[in-house]
Amino acid sequence: MKFFAPFRFLREFWGFLRVRKKYWLFPVIVWLLVLGAIFVLVQGSPVAPMIYPIF
Amino acid sequence: MRVLGISAFYHDSAAALVEDGRIVAAAQEERFTRRKHDASYPAHAVEWCLAQGAVAPRDLDRVVFYDKPFLKFERLLETTVAFAPKGFRSFAKAMPVWIKEKLFQKNLLLRKLETLEPETGWREKLLFAEHHESHAASAFYPSPFREAAVLTMDGVGEWATTSAGVGRGADIELTREIHFPHSLGLLYSTFTYYTGFRVNSGEYKVMGLAPYGEPLFAQSILDNLIDIKPDGSFRLNLDYFGYCTGLEMTNSRFDALFGGRARAPGEPLEQRHMDLAASVQAVVEEAVLRLTRSLSEETGLRRLCLAGGVALNCVANGKALRDGRFDDIWIQPAAGDAGGALGAALLASHRLLGEPRWSTAENGSGGDAMDAMEGAFLGPEYTQEETAQALDEAGARYEALSDEALVGAAASALADGKVVGWFQGRMEFGPRALGARSILGDPRNPDMQRMLNLKVKFRESFRPFAPSVLAPEASDWFELDCDSPYMLLVANVKQERRRVEEAGAPERFGVDRLHVPRSDVPAVTHVDFSARVQTVHPTTNPRYYALIEAFKERTGCPVLVNTSFNVRGEPIVCTPEDAFRCFMGTGMDCLAAGNCFLRKEEQDPALAGEAHKDGFEPD
Chain Z
1 MKFFAPFRFL REFWGFLRVR KKYWLFPVIV WLLVLGAIFV LVQGSPVAPM IYPIF
Chain B
1001 MRVLGISAFY HDSAAALVED GRIVAAAQEE RFTRRKHDAS YPAHAVEWCL AQGAVAPRDL
1061 DRVVFYDKPF LKFERLLETT VAFAPKGFRS FAKAMPVWIK EKLFQKNLLL RKLETLEPET
1121 GWREKLLFAE HHESHAASAF YPSPFREAAV LTMDGVGEWA TTSAGVGRGA DIELTREIHF
1181 PHSLGLLYST FTYYTGFRVN SGEYKVMGLA PYGEPLFAQS ILDNLIDIKP DGSFRLNLDY
1241 FGYCTGLEMT NSRFDALFGG RARAPGEPLE QRHMDLAASV QAVVEEAVLR LTRSLSEETG
1301 LRRLCLAGGV ALNCVANGKA LRDGRFDDIW IQPAAGDAGG ALGAALLASH RLLGEPRWST
1361 AENGSGGDAM DAMEGAFLGP EYTQEETAQA LDEAGARYEA LSDEALVGAA ASALADGKVV
1421 GWFQGRMEFG PRALGARSIL GDPRNPDMQR MLNLKVKFRE SFRPFAPSVL APEASDWFEL
1481 DCDSPYMLLV ANVKQERRRV EEAGAPERFG VDRLHVPRSD VPAVTHVDFS ARVQTVHPTT
1541 NPRYYALIEA FKERTGCPVL VNTSFNVRGE PIVCTPEDAF RCFMGTGMDC LAAGNCFLRK
1601 EEQDPALAGE AHKDGFEPD
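Chains as they are written, first to last, in this note's numbering: chain Z, 1 to 55; chain B, 1001 to 1619.
Calculated directly from the structure, the hints in this document are not laboratory data. All residues carry an ideal CB built from backbone N, CA and C; glycine is no exception. Keep in mind that the hints are not guaranteed to be accurate.
Stated by the list, open to error - Calculated lysine to aspartate or glutamate pairs in the DMTMM-like style (CA-CA distance at most 20 Å, straight line): (1) K1100/B with E12/Z; (2) K1068/B with E12/Z; (3) K22/Z with E1047/B.
As the list claims (entries may be wrong) - Sample of chain B residues with no beta-carbon within 12 Å of chain Z, all distances over it, derived: (4) V1024; (5) A1039; (6) D1059; (7) E1074; (8) R1168; (9) I1226; (10) S1359; (11) Q1389; (12) D1619.
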């Protein structure tokens, strides 16, 4: 189910971090996913030109 | 058990199919899409592999991707943190691609597999292998050895840039790794960039340029850029490299050390660039030799398997063999990332599913030790009917000949100094043309190298060509006492075949040295008397063997010039249509496609595709 895909991804990534013992990467990936969602949402909107130069 | 291996998303995507431990099919995506080094998901290659093996998607037992995206992402994040705040711009540039695509490669792969056949349990079947494990598997499992040391070297996989270990039977254990950013591949690529060639594509040009120069900068590289320990481990001095924090390989300190900015592509090549090429080549050879020596001492084994992009450096391979620490070296012909698809499939097949290995040493079929690569002829082939139909549709004029007559016609044309396109049987897997998709010429002709480079391949005049020689006669012409079926070993032309007095002309420098005939086969003798030898065997390519035999009957010479069937920037031809288009767009005189023999002067001039060479971006 497409709806569950992000949760499945997060569970898999969490599993990866546990095996690698690199928990500090978890907030980084959550932050990036939020950022990515913003990118997707603002694509084509008037906000976009203001956001792209920052990143 | 059927296993599909996939490599994609970085460079040279490919697919490979292994059934019951035996390699059934392998091909690079670029050959189908006609985009050199195509990195996109290999949809065409996957489809073709399944068709070749007559395997329905649902009948695949495993699909294995050749590296681990999460590990790669971990490396990217940790590198950014380690160098912060420097490097934020390159991080920000890379991030959108990762967030949109690369981080979700599993989902992307699942979606692509779903398009083959939905609801086939792909999620349970899809596995990920580590990048260097895939390389190691591609080096060891198809080799003819039951037991061997294994060494893989490339730019970077997830973290590893070099790994070493031992392969025994169906198992491979990698015991040593060197991690990013310390990388022999990236060191070489840095000089590729600095000498004005394209990274991940122009490395073999640097290798070809090296013999024109002197290693004047080698000590400077050793003093400043790389610290190589006696056991072959090494560290780069990152003060001189830009790739960890920027979008370029070098930085201003690097430029200052080597006396100027990087050469821009298209700018004239100077002696300094040749000296730089010679220098980095010498340093990488030294590092490889120290690695192979320490691996020999550590394992006590007398056989070595190599893979990874650095293993395509056939000059270093030849030196490692002549060093004598190993009696035999086997190198995966698709040593770069394309071969990762094959390695990933073999890894699952042998280690996970316990399928038997297929090289003669393992399957007990006796005879000479043969590897499991089938001469690397693992790609598409076309029947005589398909070839003739394609040529008819393209408007070609040809003569359909018997096997014997075709070989005779091609051999006579070659003996008359003509350039012949040779399109026969299954396409090669890997970057080298080995006599299935080749352009051939007479190596005795002193003008052949220049003519092939400028009128047929449309590439730089300094680029050398490789010889194909009948395997039993190789040692009469080259200082080589073993097989080199994949053109991955460099050996010198034998002393008695050289024209020493002419090659020694001291007033000639750089590319001018090209114009001195150096041996009885000048078209395949590099300026340092070296040659990238391909030994041709009747077991793996009988028709090509017969052609060289027929050429020898006419000329006394069992050697041909063999270069890939393409022009600069074009992927090697795959189909008869590709071959005819390339034939008509270049200065080739004849084309032998299947049993069809074409002469240029008999073709309709209106079909001459003079713009063919302009259709591809220079590599």
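So, going through the hints one by one against the coordinates:
no.: 1; hint: K1100/B with E12/Z; verdict: 17 Å, holds
no.: 2; hint: K1068/B with E12/Z; verdict: 13 Å, holds
no.: 3; hint: K22/Z with E1047/B; verdict: 38 Å, violated
no.: 4; hint: V1024; verdict: 31 Å, holds
no.: 5; hint: A1039; verdict: 21 Å, holds
no.: 6; hint: D1059; verdict: 26 Å, holds
no.: 7; hint: E1074; verdict: 6 Å, violated
no.: 8; hint: R1168; verdict: 27 Å, holds
no.: 9; hint: I1226; verdict: 29 Å, holds
no.: 10; hint: S1359; verdict: 34 Å, holds
no.: 11; hint: Q1389; verdict: 44 Å, holds
no.: 12; hint: D1619; verdict: 31 Å, holds
Violation of the numbered hints given earlier is confined to hints 3, 7; the remaining hints are satisfied by the structure.
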